[in-house]
Amino acid sequence: DTGVSQDPRHKITKRGQNVTFRCDPISEHNRLYWYRQTLGQGPEFLTYFQNEAQLEKSRLLSDRFSAERPKGSFSTLEIQRTEQGDSAMYLCASSLGQGVYEQYFGPGTRLTVT
Amino acid sequence: AQTVTQSQPEMSVQEAETVTLSCTYDTSESDYYLFWYKQPPSRQMILVIRQEAYKQQNATENRFSVNFQKAAKSFSLKISDSQLGDAAMYFCAYEGSNYKLTFGKGTLLTVNP
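As given, the protein sequences belong to chains G and U, one line each in that order. Heads up: the first sequence is residues 19 to 132, going by the working numbering. Heads up: the second sequence is residues 115 to 227, going by the working numbering.
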């Protein structure tokens, strides 16, 4: 396995449109995380899954954001009715479950809302 | 809530020299982990080094070592024999009982030839 992959790498959309990002974790990893990184800042936690269960969501994640991880494999992050403030890098990470393990990050999806 | 502070937005070092990046954190937990991640320009984040809070011995990974002061809640990264490939944004991060990472704002390291 070559690591965490994310698709697309870049997305430009107009305000008000819906967008969906995909993350494929390392195959044996049970945990999958989504973070958001804006320019000049460190990544901020959005949500995470243990297998298919979404265990925690940040208050940063408004009702316009939804994430899924069907069958505990890949995950999707959807943003509805995008706003300019949603422009950021969306990072996915995965790790082994049970306890604290290193999180392996994907290359990210850069979203630009015009 | 946990917070992580990196007080140096930018640092520079001469190739082959040593540089230390600072990080402080705040937490009420006694058991946690600390990490330094490296994010090269336009490339993905990779783990540099990790430290378990219950371990008194400072972690080392080749040219990278940490100075972990639990009482002071300080976790600095020392890079020895700096190389051009070390140039990147470095993030200090905390992970506690909720298994999510809290990052600092980062320190941009420039390595001068």
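Be a bit skeptical, because a hint or two may be false.
To be verified - Quick list of in silico lysine-lysine cross-link-like pairs, DSSO-like style, CA-CA up to 30 Å:
(1) K75(G) <-> K192(U)
(2) K219(U) <-> K29(G)
(3) K169(U) <-> K187(U)
(4) K187(U) <-> K219(U)
(5) K75(G) <-> K219(U)
(6) K32(G) <-> K219(U)
(7) K187(U) <-> K75(G)
These aren't lab readings, by the way, just hints derived from the structure by calculation. Here the structure is a predicted model, which is why all the values come from computation and not from measurement.
Now the hints, each set against the structure:
Taken as a hint, the K75(G) and K192(U) pair is broken in the structure, with Cα atoms around 34 Å apart against an allowance of 30 Å. The straight-line distance between the Cα atoms of K219(U) and K29(G) is roughly 24 Å, inside the 30 Å bound, and the hint therefore holds. Straight-line distance between C-alpha atoms of K169(U) and K187(U) comes to about 14 Å, which keeps the hinted pair within the 30 Å bound. A distance of roughly 17 Å separates the Cα atoms of K187(U) and K219(U); the hinted pair therefore holds under the 30 Å criterion.
A hinted pair counts as satisfied when its Cα atoms are at most 30 Å apart, and K75(G) with K219(U) qualifies at roughly 21 Å. The hinted pair formed by K32(G) and K219(U) meets the criterion: a straight-line CA distance of about 29 Å does not exceed 30 Å. Of the supplied pair hints, the one linking K187(U) and K75(G) holds, its CA atoms being roughly 27 Å apart against a limit of 30 Å.
Violated hint for the displayed structure: number 1, the only one.
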